[in-house]
Amino acid sequence: MSQDPSNESAEVPAATSRQRRDMAWWIVMAVAVVGMVTMWWMIRDRTGEVSYTVDDCYIHATLAKILAAHGSFGIVPGEFAAASSSLNWTLLLAVVFFFAGPAAWVPGLLATIFGFLTLERADRWMRETGANRWMRLVVGLMILAYAPLLPIASTGMEHTFHAWSLTGLLLCLLRTSRNPGASLVPLFFWALVAGGARYESLFFLPILLPWLAAGGRWKTAVTLAAGMVLPAAIFAVYSMAHGGYPLPNSLMLKGNIDKAFEIRAFRVALENQHIFVLLVLLAVSMAAKWFRPGPDGRATLWISIAVTVTLLIHLQLAQLGWFYRDEGYLIVLALVEASSLGAALAALGKGRHFLVPMTACIVLAFATLPLFWRSSRATSEIVHAAGNIRDQQLQMARVTRLLGPGARVAVNDLGAVSFFSEARVLDLYGLGDNALARAKRNRTYGADRLQSRLEETATDFVICYPSWFTPPDNLPETLIPVESWDLADNLICGSERVVFYATDRASEIRLRRALDTYRKSFLPVPESTNQMTPLSDPTVTP
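Last residue of the sequence shown? That's 603 in the numbering used here, and every number before it is there in order.
No lab work stands behind these hints, which were simulated from the structure alone. If you're wondering where the values come from, they're calculated on a predicted model, not measured in any experiment. Among the hints, erroneous ones may be present.
As the list claims (entries may be wrong) - Have a look at the derived ranges for each label pair, beta carbon to beta carbon: (1) A164 with E517: 14 to 24 Å; (2) A348 with H131: 48 to 58 Å; (3) D509 with V424: 51 to 61 Å; (4) R574 with R504: 17 to 27 Å.
Just so you know, even glycine gets a beta-carbon here, dropped at the ideal spot from N, CA and C.
Starting from the given sequences, assemble the full structure and let the hints guide the process.
Next up, the structure:
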(Lines of atoms letter the chains of each structure in order from A; the text may use other names.)
(Lines give C-alpha, C1' and ligand atoms only; values in the text may rest on other atoms or scores of the structure.)
Protein backbone atom coordinates (compact mmCIF):
# COMPACT_ATOMS: atom_id res chain seq x y z
CA MET A 62 0.00 0.00 0.00
CA SER A 63 1.47 3.35 -1.02
CA GLN A 64 2.25 5.90 1.61
CA ASP A 65 0.35 9.22 1.59
CA PRO A 66 2.89 11.93 0.82
CA SER A 67 1.04 14.27 3.11
CA ASN A 68 1.61 12.03 6.13
CA GLU A 69 5.36 12.10 5.69
CA SER A 70 5.44 15.83 5.10
CA ALA A 71 3.23 16.56 8.08
CA GLU A 72 6.16 15.77 10.35
CA VAL A 73 7.89 18.95 9.25
CA PRO A 74 6.97 22.06 11.21
CA ALA A 75 5.98 25.00 9.03
CA ALA A 76 7.12 28.54 9.63
CA THR A 77 4.33 30.74 10.84
CA SER A 78 3.22 33.90 9.11
CA ARG A 79 3.95 35.76 12.36
CA GLN A 80 7.70 35.30 12.01
CA ARG A 81 9.49 38.59 11.71
CA ARG A 82 11.43 39.38 8.59
CA ASP A 83 15.17 39.27 9.10
CA MET A 84 18.07 41.16 7.59
CA ALA A 85 18.23 38.89 4.52
CA TRP A 86 14.69 39.87 3.56
CA TRP A 87 15.27 43.58 4.03
CA ILE A 88 18.50 43.53 2.00
CA VAL A 89 16.78 41.81 -0.93
CA MET A 90 13.86 44.24 -0.84
CA ALA A 91 16.14 47.27 -0.52
CA VAL A 92 18.12 46.18 -3.58
CA ALA A 93 14.88 45.52 -5.46
CA VAL A 94 13.43 48.96 -4.63
CA VAL A 95 16.63 50.76 -5.61
CA GLY A 96 16.83 48.74 -8.82
CA MET A 97 13.22 49.38 -9.83
CA VAL A 98 13.34 53.10 -9.05
CA THR A 99 16.61 53.49 -10.95
CA MET A 100 15.27 51.58 -13.95
CA TRP A 101 12.10 53.67 -14.29
CA TRP A 102 14.06 56.89 -13.77
CA MET A 103 16.49 55.93 -16.57
CA ILE A 104 13.61 55.06 -18.90
CA ARG A 105 11.94 58.38 -18.14
CA ASP A 106 15.21 60.23 -18.69
CA ARG A 107 15.61 58.63 -22.14
CA THR A 108 12.02 58.86 -23.35
CA GLY A 109 10.62 61.86 -21.50
CA GLU A 110 7.41 59.94 -20.81
CA VAL A 111 6.07 56.55 -19.75
CA SER A 112 7.38 53.90 -22.12
CA TYR A 113 7.78 50.14 -21.93
CA THR A 114 10.23 47.71 -23.44
CA VAL A 115 7.61 45.92 -25.54
CA ASP A 116 4.51 47.14 -27.32
CA ASP A 117 2.41 44.15 -26.27
CA CYS A 118 1.58 45.65 -22.88
CA TYR A 119 -0.68 48.12 -24.66
CA ILE A 120 -2.78 45.24 -26.04
CA HIS A 121 -3.85 44.26 -22.53
CA ALA A 122 -4.26 47.94 -21.69
CA THR A 123 -6.52 48.46 -24.72
CA LEU A 124 -8.71 45.50 -23.79
CA ALA A 125 -8.90 46.78 -20.21
CA LYS A 126 -9.73 50.32 -21.36
CA ILE A 127 -12.58 49.09 -23.58
CA LEU A 128 -13.84 46.71 -20.87
CA ALA A 129 -13.84 49.42 -18.19
CA ALA A 130 -15.52 52.03 -20.39
CA HIS A 131 -17.87 49.97 -22.56
CA GLY A 132 -18.21 46.55 -20.92
CA SER A 133 -17.05 44.64 -24.01
CA PHE A 134 -13.95 42.48 -24.45
CA GLY A 135 -12.11 43.62 -27.56
CA ILE A 136 -10.02 46.36 -29.13
CA VAL A 137 -13.07 48.12 -30.59
CA PRO A 138 -16.11 48.97 -28.41
CA GLY A 139 -18.90 46.45 -28.87
CA GLU A 140 -16.79 43.92 -30.77
CA PHE A 141 -15.26 40.78 -29.26
CA ALA A 142 -11.61 39.92 -29.88
CA ALA A 143 -9.75 37.03 -28.24
CA ALA A 144 -6.56 39.07 -27.94
CA SER A 145 -5.50 38.35 -24.34
CA SER A 146 -3.80 35.24 -23.01
CA SER A 147 -3.86 36.65 -19.46
CA LEU A 148 -7.48 37.05 -18.41
CA ASN A 149 -6.81 38.00 -14.80
CA TRP A 150 -4.23 40.63 -15.76
CA THR A 151 -6.67 42.22 -18.20
CA LEU A 152 -9.41 42.18 -15.56
CA LEU A 153 -7.06 43.69 -12.97
CA LEU A 154 -6.12 46.51 -15.35
CA ALA A 155 -9.80 47.07 -16.14
CA VAL A 156 -10.64 47.45 -12.44
CA VAL A 157 -7.86 49.99 -11.94
CA PHE A 158 -8.83 51.85 -15.13
CA PHE A 159 -12.46 51.96 -13.99
CA PHE A 160 -11.50 53.88 -10.86
CA ALA A 161 -8.32 55.73 -11.94
CA GLY A 162 -8.82 56.09 -15.69
CA PRO A 163 -6.75 54.47 -18.47
CA ALA A 164 -3.38 55.90 -17.44
CA ALA A 165 -0.26 54.64 -19.22
CA TRP A 166 1.65 54.23 -15.95
CA VAL A 167 -0.74 51.67 -14.46
CA PRO A 168 0.71 48.52 -16.14
CA GLY A 169 4.24 49.44 -15.09
CA LEU A 170 3.22 50.16 -11.51
CA LEU A 171 1.36 46.86 -11.20
CA ALA A 172 4.22 44.91 -12.79
CA THR A 173 6.63 46.50 -10.31
CA ILE A 174 4.40 45.76 -7.31
CA PHE A 175 4.01 42.12 -8.30
CA GLY A 176 7.77 41.90 -8.74
CA PHE A 177 8.13 42.83 -5.07
CA LEU A 178 5.35 40.41 -4.10
CA THR A 179 7.10 37.61 -6.00
CA LEU A 180 10.19 38.16 -3.86
CA GLU A 181 8.00 38.11 -0.74
CA ARG A 182 6.35 34.79 -1.64
CA ALA A 183 9.70 33.28 -2.61
CA ASP A 184 11.22 34.28 0.73
CA ARG A 185 8.24 32.83 2.59
CA TRP A 186 8.53 29.58 0.63
CA MET A 187 12.23 29.27 1.46
CA ARG A 188 11.53 29.95 5.15
CA GLU A 189 8.99 27.17 5.27
CA THR A 190 11.30 24.68 3.59
CA GLY A 191 14.10 25.38 6.06
CA ALA A 192 16.49 27.60 4.09
CA ASN A 193 18.75 29.66 6.34
CA ARG A 194 19.02 33.42 6.03
CA TRP A 195 22.21 33.33 3.94
CA MET A 196 20.66 30.98 1.41
CA ARG A 197 17.52 33.14 1.29
CA LEU A 198 19.65 36.23 0.75
CA VAL A 199 21.60 34.65 -2.10
CA VAL A 200 18.56 33.12 -3.79
CA GLY A 201 16.50 36.30 -3.34
CA LEU A 202 19.17 38.34 -5.09
CA MET A 203 19.49 35.66 -7.78
CA ILE A 204 15.74 35.82 -8.45
CA LEU A 205 15.96 39.59 -8.76
CA ALA A 206 18.95 39.36 -11.09
CA TYR A 207 18.37 36.15 -13.02
CA ALA A 208 14.59 36.05 -13.59
CA PRO A 209 15.38 38.90 -14.39
CA LEU A 210 12.74 40.93 -12.54
CA LEU A 211 13.82 44.38 -13.74
CA PRO A 212 13.56 43.63 -17.49
CA ILE A 213 10.34 41.68 -16.92
CA ALA A 214 8.76 44.55 -14.97
CA SER A 215 9.91 46.99 -17.66
CA THR A 216 7.55 45.30 -20.13
CA GLY A 217 4.52 46.42 -18.12
CA MET A 218 3.01 42.99 -18.70
CA GLU A 219 1.60 40.17 -16.61
CA HIS A 220 4.74 38.11 -16.10
CA THR A 221 5.60 39.24 -12.57
CA PHE A 222 1.93 38.68 -11.70
CA HIS A 223 2.25 35.18 -13.16
CA ALA A 224 5.42 34.41 -11.19
CA TRP A 225 3.80 35.70 -7.99
CA SER A 226 0.64 33.66 -8.48
CA LEU A 227 2.48 30.38 -9.11
CA THR A 228 4.90 30.93 -6.24
CA GLY A 229 1.91 31.56 -4.00
CA LEU A 230 0.07 28.53 -5.37
CA LEU A 231 2.92 26.08 -4.74
CA LEU A 232 3.53 27.56 -1.29
CA CYS A 233 -0.17 27.13 -0.47
CA LEU A 234 -0.08 23.55 -1.78
CA LEU A 235 2.98 22.88 0.37
CA ARG A 236 1.13 24.15 3.44
CA THR A 237 -1.92 22.07 2.55
CA SER A 238 0.21 18.94 2.20
CA ARG A 239 1.59 19.53 5.70
CA ASN A 240 -1.86 20.15 7.16
CA PRO A 241 -4.39 17.98 5.30
CA GLY A 242 -7.25 19.18 7.47
CA ALA A 243 -6.79 22.84 6.57
CA SER A 244 -9.38 24.81 4.61
CA LEU A 245 -9.10 24.50 0.83
CA VAL A 246 -10.41 28.02 0.21
CA PRO A 247 -6.89 29.57 0.04
CA LEU A 248 -5.84 26.85 -2.40
CA PHE A 249 -8.85 27.57 -4.63
CA PHE A 250 -8.02 31.29 -4.55
CA TRP A 251 -4.40 30.75 -5.60
CA ALA A 252 -5.43 28.22 -8.25
CA LEU A 253 -7.97 30.68 -9.67
CA VAL A 254 -5.43 33.51 -9.76
CA ALA A 255 -2.65 31.39 -11.28
CA GLY A 256 -4.92 29.69 -13.81
CA GLY A 257 -6.09 33.07 -15.10
CA ALA A 258 -2.66 34.70 -14.97
CA ARG A 259 -1.37 32.77 -17.99
CA TYR A 260 -2.36 29.54 -19.70
CA GLU A 261 1.10 28.10 -19.00
CA SER A 262 -0.02 27.65 -15.38
CA LEU A 263 -2.11 24.70 -16.55
CA PHE A 264 1.11 22.86 -17.37
CA PHE A 265 1.38 22.01 -13.66
CA LEU A 266 -1.81 19.93 -13.64
CA PRO A 267 -0.46 16.79 -15.40
CA ILE A 268 1.98 16.23 -12.54
CA LEU A 269 0.18 17.73 -9.53
CA LEU A 270 -3.14 15.94 -10.04
CA PRO A 271 -1.64 12.41 -10.20
CA TRP A 272 0.52 13.21 -7.16
CA LEU A 273 -2.53 14.28 -5.16
CA ALA A 274 -4.58 11.31 -6.39
CA ALA A 275 -1.81 8.89 -5.41
CA GLY A 276 -2.04 10.21 -1.85
CA GLY A 277 -5.82 9.88 -1.79
CA ARG A 278 -6.30 13.64 -1.57
CA TRP A 279 -9.17 13.87 -4.00
CA LYS A 280 -10.75 17.00 -2.56
CA THR A 281 -7.46 18.85 -2.88
CA ALA A 282 -7.06 17.61 -6.46
CA VAL A 283 -10.58 18.69 -7.44
CA THR A 284 -10.13 22.09 -5.77
CA LEU A 285 -6.83 22.67 -7.56
CA ALA A 286 -8.16 21.56 -10.95
CA ALA A 287 -11.39 23.53 -10.63
CA GLY A 288 -9.63 26.74 -9.69
CA MET A 289 -7.01 26.53 -12.43
CA VAL A 290 -9.33 25.42 -15.23
CA LEU A 291 -12.25 27.73 -14.45
CA PRO A 292 -10.84 30.94 -16.07
CA ALA A 293 -9.89 29.07 -19.25
CA ALA A 294 -13.27 27.32 -19.37
CA ILE A 295 -15.22 30.55 -18.94
CA PHE A 296 -13.17 32.22 -21.66
CA ALA A 297 -13.60 29.26 -24.02
CA VAL A 298 -17.39 29.31 -23.69
CA TYR A 299 -17.58 33.09 -24.07
CA SER A 300 -15.17 33.17 -27.00
CA MET A 301 -16.90 30.42 -28.98
CA ALA A 302 -20.27 32.07 -28.33
CA HIS A 303 -18.87 35.19 -30.01
CA GLY A 304 -17.30 33.43 -32.99
CA GLY A 305 -13.79 32.95 -31.61
CA TYR A 306 -11.60 29.98 -30.82
CA PRO A 307 -11.67 28.30 -27.38
CA LEU A 308 -8.13 29.60 -26.86
CA PRO A 309 -6.93 33.21 -27.29
CA ASN A 310 -5.76 34.15 -30.77
CA SER A 311 -2.22 34.68 -29.48
CA LEU A 312 -1.99 30.98 -28.58
CA MET A 313 -3.66 29.87 -31.79
CA LEU A 314 -1.29 31.95 -33.94
CA LYS A 315 1.96 32.04 -31.96
CA GLY A 316 1.95 28.88 -29.86
CA ASN A 317 3.29 25.46 -30.77
CA ILE A 318 -0.03 23.64 -30.54
CA ASP A 319 0.40 22.17 -34.03
CA LYS A 320 3.82 20.81 -32.99
CA ALA A 321 2.62 19.19 -29.78
CA PHE A 322 3.65 15.72 -30.93
CA GLU A 323 7.14 16.71 -32.03
CA ILE A 324 9.96 15.96 -29.61
CA ARG A 325 11.31 19.48 -29.29
CA ALA A 326 11.63 20.19 -25.54
CA PHE A 327 15.12 18.73 -25.11
CA ARG A 328 16.34 20.28 -28.36
CA VAL A 329 15.17 23.72 -27.21
CA ALA A 330 16.82 23.16 -23.82
CA LEU A 331 20.15 22.32 -25.44
CA GLU A 332 19.90 25.34 -27.74
CA ASN A 333 19.31 27.72 -24.80
CA GLN A 334 22.00 27.49 -22.15
CA HIS A 335 20.00 29.28 -19.46
CA ILE A 336 17.22 26.69 -19.80
CA PHE A 337 19.71 23.82 -19.69
CA VAL A 338 21.13 25.32 -16.48
CA LEU A 339 17.67 25.29 -14.90
CA LEU A 340 17.25 21.60 -15.74
CA VAL A 341 20.65 20.83 -14.20
CA LEU A 342 19.83 22.77 -11.03
CA LEU A 343 16.49 20.99 -10.71
CA ALA A 344 18.13 17.60 -11.27
CA VAL A 345 20.73 18.31 -8.58
CA SER A 346 17.99 19.55 -6.27
CA MET A 347 15.97 16.38 -6.77
CA ALA A 348 19.03 14.22 -6.11
CA ALA A 349 19.84 16.18 -2.95
CA LYS A 350 16.29 15.75 -1.67
CA TRP A 351 16.21 12.06 -2.47
CA PHE A 352 19.38 11.30 -0.57
CA ARG A 353 18.83 13.86 2.18
CA PRO A 354 18.30 12.27 5.58
CA GLY A 355 15.20 13.10 7.59
CA PRO A 356 11.55 13.62 6.62
CA ASP A 357 11.91 16.98 4.87
CA GLY A 358 13.89 15.61 1.93
CA ARG A 359 11.54 13.42 -0.06
CA ALA A 360 8.49 15.18 1.37
CA THR A 361 9.07 18.16 -0.93
CA LEU A 362 10.48 16.19 -3.84
CA TRP A 363 7.17 16.62 -5.64
CA ILE A 364 7.81 20.36 -6.00
CA SER A 365 11.08 19.79 -7.87
CA ILE A 366 9.43 17.18 -10.08
CA ALA A 367 6.47 19.47 -10.80
CA VAL A 368 8.67 22.41 -11.77
CA THR A 369 10.86 20.18 -13.97
CA VAL A 370 7.92 18.61 -15.81
CA THR A 371 6.29 22.02 -16.27
CA LEU A 372 9.52 23.39 -17.71
CA LEU A 373 9.64 20.57 -20.26
CA ILE A 374 5.97 21.03 -21.19
CA HIS A 375 6.60 24.76 -21.62
CA LEU A 376 9.48 24.05 -23.99
CA GLN A 377 7.27 21.61 -25.90
CA LEU A 378 4.13 23.74 -26.29
CA ALA A 379 5.04 27.37 -25.60
CA GLN A 380 7.76 29.80 -26.57
CA LEU A 381 10.69 31.46 -24.89
CA GLY A 382 9.83 35.09 -24.36
CA TRP A 383 10.38 38.12 -26.51
CA PHE A 384 12.54 40.27 -24.23
CA TYR A 385 13.14 37.38 -21.80
CA ARG A 386 9.72 37.37 -20.23
CA ASP A 387 7.76 34.19 -20.93
CA GLU A 388 10.07 31.79 -19.06
CA GLY A 389 10.61 34.17 -16.12
CA TYR A 390 8.21 32.26 -13.86
CA LEU A 391 10.17 29.05 -14.43
CA ILE A 392 13.44 30.70 -13.44
CA VAL A 393 11.87 32.02 -10.23
CA LEU A 394 10.48 28.61 -9.28
CA ALA A 395 13.67 26.76 -10.19
CA LEU A 396 15.83 29.11 -8.13
CA VAL A 397 13.54 28.80 -5.11
CA GLU A 398 13.76 25.04 -5.45
CA ALA A 399 17.56 25.28 -5.68
CA SER A 400 17.57 26.80 -2.20
CA SER A 401 17.14 23.25 -0.90
CA LEU A 402 20.75 22.66 -1.89
CA GLY A 403 21.80 24.73 1.11
CA ALA A 404 21.01 21.88 3.48
CA ALA A 405 22.77 19.41 1.19
CA LEU A 406 25.91 21.56 1.09
CA ALA A 407 25.84 21.92 4.87
CA ALA A 408 25.59 18.14 5.23
CA LEU A 409 28.38 17.71 2.70
CA GLY A 410 30.68 19.89 4.77
CA LYS A 411 30.20 18.04 8.04
CA GLY A 412 33.32 16.09 8.98
CA ARG A 413 35.05 16.96 5.72
CA HIS A 414 37.73 19.38 4.66
CA PHE A 415 36.33 22.85 3.98
CA LEU A 416 37.47 22.57 0.35
CA VAL A 417 34.79 19.95 -0.34
CA PRO A 418 31.72 22.19 0.17
CA MET A 419 33.62 25.18 -1.20
CA THR A 420 34.33 23.30 -4.42
CA ALA A 421 30.66 22.34 -4.69
CA CYS A 422 29.64 25.98 -4.25
CA ILE A 423 32.11 27.13 -6.91
CA VAL A 424 30.83 24.51 -9.36
CA LEU A 425 27.22 25.60 -8.78
CA ALA A 426 28.20 29.26 -9.15
CA PHE A 427 29.88 28.61 -12.50
CA ALA A 428 26.88 26.58 -13.60
CA THR A 429 24.70 29.68 -13.32
CA LEU A 430 26.92 31.80 -15.58
CA PRO A 431 24.53 31.48 -18.57
CA LEU A 432 21.82 33.02 -16.36
CA PHE A 433 24.23 35.81 -15.42
CA TRP A 434 25.11 36.57 -19.05
CA ARG A 435 21.43 36.54 -20.04
CA SER A 436 20.56 38.82 -17.13
CA SER A 437 23.38 41.25 -17.89
CA ARG A 438 22.33 41.53 -21.51
CA ALA A 439 18.66 41.93 -20.64
CA THR A 440 19.32 44.65 -18.07
CA SER A 441 21.63 46.57 -20.40
CA GLU A 442 18.93 46.58 -23.10
CA ILE A 443 16.10 48.04 -21.01
CA VAL A 444 16.59 51.73 -21.80
CA HIS A 445 17.41 51.03 -25.45
CA ALA A 446 14.24 48.94 -25.90
CA ALA A 447 12.04 51.49 -24.14
CA GLY A 448 13.52 54.18 -26.38
CA ASN A 449 12.63 52.13 -29.46
CA ILE A 450 9.01 51.80 -28.34
CA ARG A 451 8.84 55.52 -27.66
CA ASP A 452 10.45 56.50 -30.97
CA GLN A 453 8.33 54.22 -33.14
CA GLN A 454 5.16 52.88 -31.52
CA LEU A 455 4.21 55.90 -29.42
CA GLN A 456 4.80 58.21 -32.38
CA MET A 457 2.58 56.04 -34.59
CA ALA A 458 -0.11 56.46 -31.93
CA ARG A 459 0.30 60.24 -32.01
CA VAL A 460 -0.19 60.32 -35.77
CA THR A 461 -3.27 58.13 -35.38
CA ARG A 462 -4.74 60.54 -32.82
CA LEU A 463 -4.30 63.37 -35.31
CA LEU A 464 -6.47 61.44 -37.78
CA GLY A 465 -9.36 62.07 -35.40
CA PRO A 466 -11.68 59.97 -33.23
CA GLY A 467 -13.24 57.08 -35.08
CA ALA A 468 -10.56 57.00 -37.79
CA ARG A 469 -10.44 53.53 -39.33
CA VAL A 470 -6.84 52.37 -39.12
CA ALA A 471 -5.32 48.96 -39.82
CA VAL A 472 -2.08 47.91 -38.14
CA ASN A 473 -0.11 44.70 -37.96
CA ASP A 474 1.50 45.38 -34.57
CA LEU A 475 -1.40 45.99 -32.25
CA GLY A 476 -0.74 47.97 -29.09
CA ALA A 477 0.05 51.65 -28.62
CA VAL A 478 -2.00 52.76 -31.64
CA SER A 479 -5.16 51.26 -30.17
CA PHE A 480 -4.52 52.31 -26.55
CA PHE A 481 -3.57 55.95 -27.09
CA SER A 482 -6.19 56.78 -29.72
CA GLU A 483 -9.93 56.50 -30.22
CA ALA A 484 -9.51 55.00 -33.67
CA ARG A 485 -11.36 51.90 -34.85
CA VAL A 486 -8.36 49.65 -35.24
CA LEU A 487 -8.17 46.57 -37.46
CA ASP A 488 -5.41 44.14 -36.52
CA LEU A 489 -3.94 42.72 -39.73
CA TYR A 490 -1.95 40.10 -37.81
CA GLY A 491 -5.11 38.60 -36.36
CA LEU A 492 -4.59 38.90 -32.61
CA GLY A 493 -7.37 41.45 -32.34
CA ASP A 494 -9.47 40.31 -35.30
CA ASN A 495 -11.13 36.90 -35.23
CA ALA A 496 -11.81 36.88 -38.97
CA LEU A 497 -8.14 37.29 -39.91
CA ALA A 498 -7.05 34.90 -37.16
CA ARG A 499 -9.32 32.27 -38.67
CA ALA A 500 -7.98 33.05 -42.15
CA LYS A 501 -4.43 32.43 -40.93
CA ARG A 502 -5.40 29.15 -39.27
CA ASN A 503 -7.30 28.05 -42.40
CA ARG A 504 -4.47 29.17 -44.71
CA THR A 505 -6.74 31.54 -46.64
CA TYR A 506 -4.80 34.62 -45.51
CA GLY A 507 -3.30 36.70 -48.31
CA ALA A 508 -3.61 39.85 -50.40
CA ASP A 509 -7.18 39.07 -51.51
CA ARG A 510 -8.38 38.31 -47.97
CA LEU A 511 -6.66 41.42 -46.63
CA GLN A 512 -8.25 43.54 -49.36
CA SER A 513 -11.71 42.18 -48.64
CA ARG A 514 -11.25 42.69 -44.88
CA LEU A 515 -10.16 46.30 -45.42
CA GLU A 516 -13.29 46.86 -47.51
CA GLU A 517 -15.56 45.10 -44.99
CA THR A 518 -14.31 47.38 -42.21
CA ALA A 519 -14.19 50.51 -44.42
CA THR A 520 -10.57 51.06 -43.40
CA ASP A 521 -8.99 54.30 -44.63
CA PHE A 522 -5.40 53.97 -43.38
CA VAL A 523 -2.84 51.21 -42.95
CA ILE A 524 0.24 51.53 -40.73
CA CYS A 525 2.39 48.42 -40.86
CA TYR A 526 5.73 46.69 -41.32
CA PRO A 527 5.98 45.78 -45.04
CA SER A 528 8.60 43.15 -44.18
CA TRP A 529 5.90 41.10 -42.44
CA PHE A 530 3.95 40.70 -45.68
CA THR A 531 5.85 38.35 -47.96
CA PRO A 532 4.44 36.14 -50.73
CA PRO A 533 1.86 34.73 -50.74
CA ASP A 534 0.68 37.04 -47.94
CA ASN A 535 1.35 40.31 -49.76
CA LEU A 536 -0.25 43.62 -48.96
CA PRO A 537 -2.99 44.65 -51.41
CA GLU A 538 -1.54 46.48 -54.41
CA THR A 539 -4.25 49.14 -54.15
CA LEU A 540 -2.64 50.71 -51.06
CA ILE A 541 -1.03 54.12 -51.58
CA PRO A 542 2.31 54.55 -49.72
CA VAL A 543 2.50 57.99 -48.12
CA GLU A 544 5.47 57.97 -45.74
CA SER A 545 8.05 55.57 -44.33
CA TRP A 546 9.81 55.68 -40.97
CA ASP A 547 13.11 53.92 -40.44
CA LEU A 548 14.48 53.22 -36.96
CA ALA A 549 18.25 52.98 -37.30
CA ASP A 550 18.96 51.46 -33.87
CA ASN A 551 16.06 49.01 -33.71
CA LEU A 552 16.39 46.41 -30.97
CA ILE A 553 12.88 45.42 -29.93
CA CYS A 554 10.33 46.62 -32.51
CA GLY A 555 8.94 44.15 -35.01
CA SER A 556 10.81 45.85 -37.84
CA GLU A 557 12.92 48.95 -38.33
CA ARG A 558 10.69 50.20 -41.18
CA VAL A 559 7.09 51.36 -40.80
CA VAL A 560 5.10 52.57 -43.82
CA PHE A 561 1.94 54.68 -43.69
CA TYR A 562 -0.56 53.82 -46.43
CA ALA A 563 -3.86 55.28 -47.58
CA THR A 564 -6.59 53.19 -49.17
CA ASP A 565 -7.79 55.92 -51.56
CA ARG A 566 -6.97 59.44 -52.70
CA ALA A 567 -9.13 61.22 -50.12
CA SER A 568 -7.54 59.23 -47.32
CA GLU A 569 -4.10 60.07 -48.68
CA ILE A 570 -4.82 63.78 -48.31
CA ARG A 571 -6.00 63.32 -44.71
CA LEU A 572 -2.96 61.22 -43.85
CA ARG A 573 -0.51 63.75 -45.31
CA ARG A 574 -2.12 66.51 -43.29
CA ALA A 575 -1.88 64.46 -40.11
CA LEU A 576 1.79 63.64 -40.75
CA ASP A 577 2.61 67.28 -41.47
CA THR A 578 0.84 68.37 -38.29
CA TYR A 579 2.68 65.70 -36.32
CA ARG A 580 6.12 66.87 -37.50
CA LYS A 581 5.29 70.45 -36.55
CA SER A 582 3.82 69.55 -33.16
CA PHE A 583 6.18 66.85 -31.87
CA LEU A 584 9.89 67.43 -32.10
CA PRO A 585 12.03 64.26 -31.86
CA VAL A 586 14.16 63.72 -28.79
CA PRO A 587 17.91 64.03 -29.49
CA GLU A 588 18.48 60.29 -29.00
CA SER A 589 15.86 59.26 -31.57
CA THR A 590 17.12 57.62 -34.76
CA ASN A 591 13.71 57.54 -36.44
CA GLN A 592 14.10 58.86 -40.00
CA MET A 593 10.85 60.03 -41.66
CA THR A 594 10.64 59.98 -45.46
CA PRO A 595 7.56 61.19 -47.43
CA LEU A 596 6.67 58.88 -50.32
CA SER A 597 4.48 58.90 -53.42
CA ASP A 598 3.39 62.24 -54.89
CA PRO A 599 4.26 65.12 -52.53
CA THR A 600 2.32 67.60 -54.68
CA VAL A 601 -1.11 66.22 -53.79
CA THR A 602 -3.36 69.08 -52.67
CA PRO A 603 -6.90 69.17 -51.29
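Which constraints among the numbered hints does this structure fail? Numbers only, ascending.
1 and 4
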